[in-house]
Amino acid sequence: MKVLLFILQKEFRQIFRDRIILAMMTFVPIVQLSILPFAANFDIKNINLAYLDHDRSPYSEKLMHKIASSGYFELVGYPFSYREGLNQIERGEADLILEIPAGFERNLIREGKQKVNIAVDAINGTKSALGGGYLTSVLADFNANLVMNIQSPVGAAGTRVARIEIAGMSWFNPREEYKYYMVPGILVLLLTLIGGFMSALNIVREKEIGTIEQINVTPIKKWQFILGKLVPFWIVGIIVFTIGLTVQYLVYGIFPQGSLFTLYLFAGIYLIALLGFGLLISTVSNSQLQAMFVAFFFVMIFILMSGFFTSIDSMPGWARQMSYLTPVTHFIHVVRLIVLKGSGLEHVLKELGYLIVFAIVLNGLAIWNYRKTS
Amino acid sequence: MSKHFGDFKAVDRITFDVNEGEIFGFLGANGAGKTTAMRILCGLSFPTSGQAKVAGYDVYRQQEKIKKHIGYMSQKFSLYDNLTILENIEFYGGIYGISRGEIRQRGDALVKTLGLDKEAKKLVGSLPLGWKQKLAFSVAIFHRPRIVFLDEPTGGVDPITRRQFWDMIYQAANEGITVFVTTHYMDEAEYCNRVTVMVDGRVEALDTPARLKRQFQSDSMDGVFYQLARKAKRTSD
Amino acid sequence: MKQLLVFIRKEFYHVFRDRRTLLILFGLPIAQIVLFGFALSSEVKNIGITIFDQAHDINSQQITNRVKQSAYFIVQEPAASLEEIHTKFKEGSIKCALVFPPGFSEDLYRSGTAPVQIITDASDPNNAKITVNYLSAILGTYQQELNPNLVIPLQIVPEIRSLYNQEQNGSLNFIPGVIALIFMIVSTALTSVAVVREKEMGTMEVLLVSPLKPVMVLISKAVPYLVLSLLDFIIILLLSVYLLDVEIQGSLILLFAESILFIVTCLSLGLLVSNVTNSQQAAMLFCMMGMMLPTLLLTGFLFPLENMPWIFQAVSNIIPSKYYYEIIKAVMLKGLGFGYVWKETLILLVMTCLLLGLALKKFSIRLA
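Residue numbers (our numbering), protein chains in the order written: chain G, 1 to 374; chain B, 375 to 611; chain P, 612 to 979.
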């Protein structure tokens with residue numbers, strides 16, 4: 001135990017002497033967390049629409065105003081032909097074309113039905129799907145508000161209409177602000193990047209400099225060495241997490257709904273797992289460069305699979321299994337639950353179990369894999 | 375004992391004893407197997423076959439016990455550049471279980487004898503090489519080990535500092551620490567109580583410098599070494 | 612010339628000897644393509660839903676069955692109270708709840724309207740919106756079937772056509788992004804770290820006292836990474852075509868020419884970074900935080916640029932990968948010719964010249 005204290009003292013001295021790491025600890029999370037949520041925004045607005053009107057009638061004009069005032073679309077052009085509209089899409093100026101055929105108003109009134117064409121640039125899947133969807137709902141709204149529809153909402157033959165009224169309720173985030181979803185996720189991301197890279201580079205650095213030899217001829221125990229590396233980074237991680245939570249509160253006004261104790265409990269266990277993973281990489285690698293790329297490879301995959309960008313539910317089965325096998329997934333999930341929905345410990349016991357298993361296995365591997373003898 | 379890497383016999387059936395309290399020189403050309411043998415004795419690697427005991431402990435089963443009783447100083451400078459002199463001493467002393475009070479007391483004394491009292495709070499990285507080497511040696515014997523292993527301790531050091539370094543080695547030997555040292559400098563070999571010369575993984579000679587010179591009819595260790603090393607079939611690396 | 616070849620060969624040995632890094636360099640694009648192609652999609656499916664049915668009548672059950680049949684929803688255990696719904700949300704096992712009030716059928720037939728409540732977990736607002744849309748569609752269809760005779764007098768029916776991507780292949784959007792990212796990693800990060808490593812180990816001095824001109828030393832360092840980047844590029848193209856069924860629409864020659872231009876941009880960036888940093892760690896940090904992150908965020912490949920505050924959009928204009936991303940999208944996916952991308956190409960070319968000039972100037976200053 002006494003030996004461990006000496007190791008800890010040395011690691012702390014080294015960390016706090018390194019300006020780069022200190023800057024990473026404080027400056028980076030503040031700046032990133034203040035900037036990233038503005039950039040990482042899936043809340044799609046401002047879809048560029050080219051309005052191709054062959055009819056130029058009062059109805060088509062009204063439809064145009066309706067679309068322009070919906071808040072989702074930016075009318076970027078009024079081309080005269082489809083070819084011209086397509087050109088706008090090719091140049092990337094427009095995301096979709098709405099084509100109103102000639103005789104639109106006449107047919108609508110005479111036949112009660114009229115088609116309009118929407119052509120979307122489907123390379124950007126999300127945007128085109130949302131754009132098409134928004135436009136469809138604007139049209140539906142327009143349909144419902146057409147004078148004649150309001151006047152006679154009754155079925156043919158005078159039968160009664162059975163109407164289902166949908167009342168939507170948005171829980172946990174009534175204003176549906178996207179940043180509430182992203183900010184806690186980004187916080188986890190930063191913690192993962194900082195903790196993962198710092199620990200992955202640490203032991204291998206001692207290998208490169210040669211000090212590890214000197215350590216290996218001492219009676220130091222494997223677990224003492226790994227624990228000596230783990231604890232300082234753990235404390236640094238907790239500090240980063242605290243700074244992150246503070247920024248989250250001060251800049252975005254998001255205060256965790258659930259208990260801080262639960263949140264920190266999870267953060268503590270997650271950090272142990274994450275640092276164990278970093279140290280494992282460090283013991284396997286031969287150079288800092290290698291450690292860096294191995295860490296980058298895994299962290300990249302972990303983050304992509306973690307449900308940070310896309311919903312895990314939508315993944316195929318094999319990918320979902322893979323996703324559950326990474327600690328990042330569980331921690332992002334839990335942080336969002338606790339911060340946004342105020343889940344208590346009793347709601348997230350399963351995740352706690354997962355993270356504890358990760359922590360034990362990863363650190364066990366790191367200790368087992370660190371060899372004092374070759 | 376032997377150590378093989380695949381077909382390559384880095385250490386090939388070597389046998390020797392080192393007496394307590396002596397300065398034992400371990401010579402050989404580059405690639406002769408000195409470092410490999412030394413790493414085994416320090417518990418950094420296992421032999422392929424044979425037996426060896428260090429400070430009475432077996433190199434297969436009691437590596438960790440060996441480590442408690444030895445000191446080691448490698449070719450590469452191995453103190454932490456970004457810690458101060460006192461912090462390095464504190465760390466290594468602590469690892470060997472020396473109490474804080476004792477570390478402080480002996481650390482201060484050590485810094486004074488080395489003449490580094492003014493630099494005690496400076497980062498080790500800023501010291502000149504000669505001082506670093508002296509410091510590394512002092513740290514290696516700080517916990518009063520029974521044996522200290524020195525792997526080419528004076529590489530790249532000027533003659534005056536080398537002289538001082540050897541004074542420190544004698545001092546340690548006087549205090550009863552066995553010194554096991556590899557070197558390329560034949561004048562240093564003369565300072566040893568006994569030397570062995572390794573060629574191609576085998577021990578080709580083992581005796582006091584005086585007797586070896588007589589045996590090979592040479593007036594310096596340089597001549598002895600040259601005659602033995604010429605027989606080497608391995609090219610140095 | 613012969614000397615240059617000797618140097619280039621030495622650099623190749625360096626690069627190809629570190630098997631593990633090499634494995635990662637080729638593994639990374641493959642893993643990303645597979646993940647983006649098969650695992651990640653912006654489509655929302657398998658939404659966990661619970662139904663709190665206080666009515667237990669024919670209509671509520673029919674609707675429940677509709678939801679069960681929908682591929683978008685996975686119906687969990689029914690809830691017996693709002694409390695229970697709350698708990699399920701907090702456990703994260705559902706994303707949405709459908710609540711039928713007592714007497715649903717009665718209301719529907721007697722007064723003509725019956726309310727249902729859709730409660731969504733708006734902590735993920737996009738998912739919540741999409742969920743409401745799905746459920747509304749199911750309810751809308753059901754309602755229409757209830758009223759077979761209902762004719763809405765005036766109706767505008769939209770017909771949506773997907774340009775360039777009829778099959779709605781979700782892979783298309785990210786492939787150019789992955790390509791740009793890989794170039795950034797190999798040509799910028801790896802190159803800068805490799806050069807700084809030689810500085811750290813002192814071998815750079817040895818190279819510089821050789822008879823080869825300093826510029827040639829830099830070129831020979833860059834060539835292996837150019838080759839590696841191109842290999843990665845070919846791997847990504849092959850995977851896209853044969854694994855993800857993406858059709859390459861435009862000219863391959865143009866695609867390669869533009870890619871080589873962008874690789875040279877990245878290499879210049881890497882050399883510049885290596886000239887201003889002194890340790891491997893600093894170079895890595897600089898590349899990760901200063902290059903990779905902006906590439907991920909500000910090229911428009913993960914997050915739409917249009918939504919960002921103006922300052923981000925302004926910053927994105929100085930990021931080379933943004934232009935490359937535009938070019939690749941236009942050439943590879945839309946099949947457009949050089950006439951459509953000359954502007955982006957020109958910008959990229961100017962940036963490359965500036966960066967390369969700056970890198971070389973810094974390099975010679977350091978020599979002097």
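Hints are not guaranteed to be accurate.
Below, a list of computed lysine-lysine pairs in the DSBU-like style, where the Cα atoms sit at most 30 angstroms apart [stated by the list, open to error]:
1) P:740 with G:113
2) G:207 with B:495
3) P:621 with P:824
4) B:450 with B:427
5) P:945 with P:656
6) B:607 with G:2
7) B:442 with G:207
8) B:587 with B:607
9) G:2 with B:495
10) B:450 with B:383
11) B:439 with B:587
12) P:740 with P:613
13) P:810 with G:62
14) B:450 with G:207
15) G:222 with B:587
16) P:972 with G:66
17) P:810 with P:972
Since the hints were derived computationally from the structure, they do not count as laboratory data. Nothing here was measured: the structure is a model prediction, and the numbers come from that model.
Each hint tested on the structure:
1. Only pairs whose Cα atoms come within 30 angstroms are accepted, and residue 740 (chain P) paired with residue 113 (chain G) is accepted, the gap being roughly 28 angstroms.
2. The straight-line distance between the Cα atoms of residue 207 (chain G) and residue 495 (chain B) is roughly 25 angstroms, inside the 30 angstroms bound, and the hint therefore holds.
3. Restraint check for residue 621 (chain P) and residue 824 (chain P): satisfied, since their Cα atoms lie roughly 16 angstroms apart, inside the 30 angstroms limit.
4. With a C-alpha separation of about 26 angstroms, the suggested pairing of residue 450 (chain B) with residue 427 (chain B) holds against the 30 angstroms cut-off.
5. Pair hint residue 945 (chain P) plus residue 656 (chain P) holds up; C-alpha atoms about 28 angstroms apart against a cutoff of 30 angstroms.
6. Using a Cα cut-off of 30 angstroms, the hinted pair residue 607 (chain B) and residue 2 (chain G) is violated, with the two alpha carbons roughly 51 angstroms apart.
7. The suggested pairing of residue 442 (chain B) with residue 207 (chain G) holds, with an alpha-carbon distance near 22 angstroms, which does not exceed 30 angstroms.
8. Between residue 587 (chain B) and residue 607 (chain B) the alpha-carbon distance is near 23 angstroms, which keeps this suggested pair within the 30 angstroms criterion.
9. Annotation: proposed proximity of residue 2 (chain G) to residue 495 (chain B) holds, straight-line Cα distance about 24 angstroms (limit 30 angstroms).
10. Between the alpha carbons of residue 450 (chain B) and residue 383 (chain B) the distance comes to roughly 24 angstroms, so the proposed pair stays at or under 30 angstroms and holds.
11. A distance of roughly 38 angstroms separates the Cα atoms of residue 439 (chain B) and residue 587 (chain B); the hinted pair therefore is violated under the 30 angstroms criterion.
12. A hinted pair counts as satisfied when its Cα atoms are at most 30 angstroms apart, and residue 740 (chain P) with residue 613 (chain P) does not qualify at roughly 64 angstroms.
13. Restraint check: the Cα-Cα separation between residue 810 (chain P) and residue 62 (chain G) comes to about 68 angstroms, which exceeds 30 angstroms; the hinted pair is violated.
14. Restraint check for residue 450 (chain B) and residue 207 (chain G): the C-alpha separation of about 11 angstroms stays at or below 30 angstroms, so the hint holds.
15. A distance of roughly 46 angstroms separates the Cα atoms of residue 222 (chain G) and residue 587 (chain B); the hinted pair therefore is violated under the 30 angstroms criterion.
16. As the CA atoms of residue 972 (chain P) and residue 66 (chain G) are separated by approximately 57 angstroms, the hinted pair breaks the 30 angstroms bound.
17. A hinted pair counts as satisfied when its Cα atoms are at most 30 angstroms apart, and residue 810 (chain P) with residue 972 (chain P) qualifies at roughly 17 angstroms.
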